[in-house]
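Visitor: The primary structure of each chain is shown beneath.
2 protein chains.
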Amino acid sequence: MHKGLIVQKFGGSSVANVERIQKVARRIAGYRKKGYDLVVIVSALGDTTDELIELADKINPHPSEREMDMLLSTGEQISVALLAMAIHKLGLEAISFTGAQVGIITDSSHTRARIIKINADKIKEALSQGRIVIVAGFQGVTLNQDITTLGRGGSDLTAVALASELKADECEIYTDVEGIYTTDPRIEPRAKKIGSITFDEMLEMASLGTQVMQARSIEVAKKFNVPLHVRSSFSDNPGTMIVKEAERMEDVMVSGITLNKQEAKITICNVPDRPGVAAKIFKKLSNQGINVDMIVQNVSHTRSTDISFTVSKAQAHKAMKITRRVAANIKAGEALLDEDIARVSIVGVGMKSHPGVAAKMFEVLAHNKINIEMISTSDISISCIIQKKFAEKAVRTLHAKFGLGK
Amino acid sequence: MHKGLIVQKFGGSSVANVERIQKVARRIAGYRKKGYDLVVIVSALGDTTDELIELADKINPHPSEREMDMLLSTGEQISVALLAMAIHKLGLEAISFTGAQVGIITDSSHTRARIIKINADKIKEALSQGRIVIVAGFQGVTLNQDITTLGRGGSDLTAVALASELKADECEIYTDVEGIYTTDPRIEPRAKKIGSITFDEMLEMASLGTQVMQARSIEVAKKFNVPLHVRSSFSDNPGTMIVKEAERMEDVMVSGITLNKQEAKITICNVPDRPGVAAKIFKKLSNQGINVDMIVQNVSHTRSTDISFTVSKAQAHKAMKITRRVAANIKAGEALLDEDIARVSIVGVGMKSHPGVAAKMFEVLAHNKINIEMISTSDISISCIIQKKFAEKAVRTLHAKFGLGK
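Chains C and D supply the protein sequences, listed in that same order. In this text, residue positions in the first sequence follow our numbering: the first is 469, and each later residue adds one. In this text, residue positions in the second sequence follow our numbering: the first is 469, and each later residue adds one.
Certain hints may be false.
Copies of the same chain look alike in the list, so a pair counts if it works inside one copy or between any two.
[What the hints assert, rightly or not] Computed cross-link-like contacts, SDA-like style, restricted to lysine to any residue with a CA-CA straight-line distance of at most 20 Å:
hint, residue 1, residue 2
1, K590, I573
2, K820, L523
3, K661, D847
4, K751, P823
5, K557, L520
6, K590, T610
7, K502, G559
8, K557, H578
9, K491, L523
10, K557, E522
11, K869, I838
12, K869, V825
13, K869, A834
14, K729, T865
15, K786, Q756
16, K585, R658
17, K491, H530
18, K526, V486
19, K856, I763
20, K874, I573
21, K526, L558
22, K660, C737
In short, the hints are calculated from the structure, not lab data.
Using the sequences and the hints, build the whole thing.
Guide: Structural data, given as structure tokens:
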């Protein structure tokens, strides 16, 4: 009774200890008994990766990236072996593979390698022998047989790439939350689990601060149209489907609200309004490895203007140093740093066809006496920088006014 | 300045923590600076392997051997990455490899695989680029790309096999003792480190209870004539050279004395003296997985005789059960178990050309009122089973009388 192929990915918290590994094994066995073929991707147990990084740091604070990959890839190798053993204990056939063994071929950018191609013959063979296939996430191998890792969110990427290669019917991403929520339930208890969301919306949510999946895996899933199902490994409830727009029945205006308090705002006052000045500033920052996020420059009525931008808090002080030097150089005024800001964003493909969404957002904030310091918009999202102390209030009010709690 | 190629193997205790890994790295760097090419084999850090076995046992008390190998091979992979990082920290070039990456091809007898061949191209390439090569011990890969492990003492075997394949000038086995001693220094403080010993003697010592190296690696070293140097990773003192007989200058009669208190003696009384009876007993035991070591049967003057044999203490009670059944079956008398025995052995290729060594041993024991319960001899060793309470006395007396403390 062949019912189709499901790719399942379990994150580190889902396999953090013996009991959880056994629970994951029972879940897999349940699917197997229903007749599904299964390819399971696993991350390293709980904190294993962090512990290995710490150990390496004691030995060499600037370790070779090749050797880091050699070291870290052991974490997932331990997981797959243990999970296979746990499935055997339940009387089912399973076989584990490393990324190298299943032919996940990557480039040689160690610690952040990109998948070039997948040779899935070994997986197909094992599936045809009736086995559950367990694959180590997060890792691959170069054509020269060096072990590589795929960087943050790498196990999700392994799952999506294998699901695409194997033409799986579904790719389930198991995590420690029930799915994607209309907003962070810790801020707004009325936040609801979203039944389905488009790849584009999920990409916006990820880049705006929702931690559940990295943008990279979602991009790949979108490119190859791999339907994702983000759900909890601690319950049997359905989670959130991430799909192409066409596959979503409902037409909601706004899907979710995100909040990011990890940014700081830098403003350069009285910037001379000459062509090339902005370029000069941001090129210097980028050369020094500073990631600039939002940028706002008001249209200038005089011969000078203010430019504001946001960077991550971690890079704020380094960015300020560079900014001060550039400001002096271009004969601008002083540079100001504000770390007490928050970015609140609304996301939804529906807003493309619903004019007035932005206006409604600004109105809601204004009505609640929340001043907007910067605005940035994309096709399917609108972000406002506000004072940090208003962050939670803004999220809750917008959540209510856009009808997300219903 | 190319001075030759040295293969060095460091056991788990030599890399048990960060400080020891750094110490090993400094030792390697010292050799490198003298101009040697180096291939370094490392075991898993300290107790890593035991911890992984324990973890697996909690999940599945009867784990698949393939998955055990998948799991356990991570231990050495962690070691090689960390050691490479530690060497980099000292400003030297090093690169780590798994058994699979350096082409240590084995059969598919998981957990106790045998090396079929080694494709050392990757090692030779790295050496030619001036790199120190770090290889994970204890592991290999089948032609089907399944990861295998080589069983107990596997890292020594990796070292010996690579030294042979690469035609190394020397193979150094670093351990937590200074070398091979004339007897256990904990029993006889006057025990001396042996400067050089033959492969055959070392094989006898290993099989008679000296724990430093497994017989298997010594056999391979003998077969391919790989000179071994067993020495301590905690000092710079020379250790013990293990060589072909021809290479040893000195001609000593007795090289060492070993003691084994891990055996028990079983005696079957009044065994009918018919052909095939002994075969029946030992076949039954072997069928049940009991390893019988020494066997003594006295020439029979009546129509029945006593048969005594030794087994490991761990298997003694199982062996007794089987023996009692067989004894009844063949109409022999009762079966007796004696766990308070010890085996003391003298080892030396010299005894081949020195008649009277056995007689001297018996005389020394008799003179000290130590009764000999069983005797077994090989080409280069003589073993006596005595009462356990006399074990240390026997070792010390024989050590003195054969002039080993000098």
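Visitor: Does the structure break any of the earlier hints, and which numbers would those be?
Guide: Going through the list in order, the structure violates hints 2, 3, 4, 16, 20 and 22 and respects the others.
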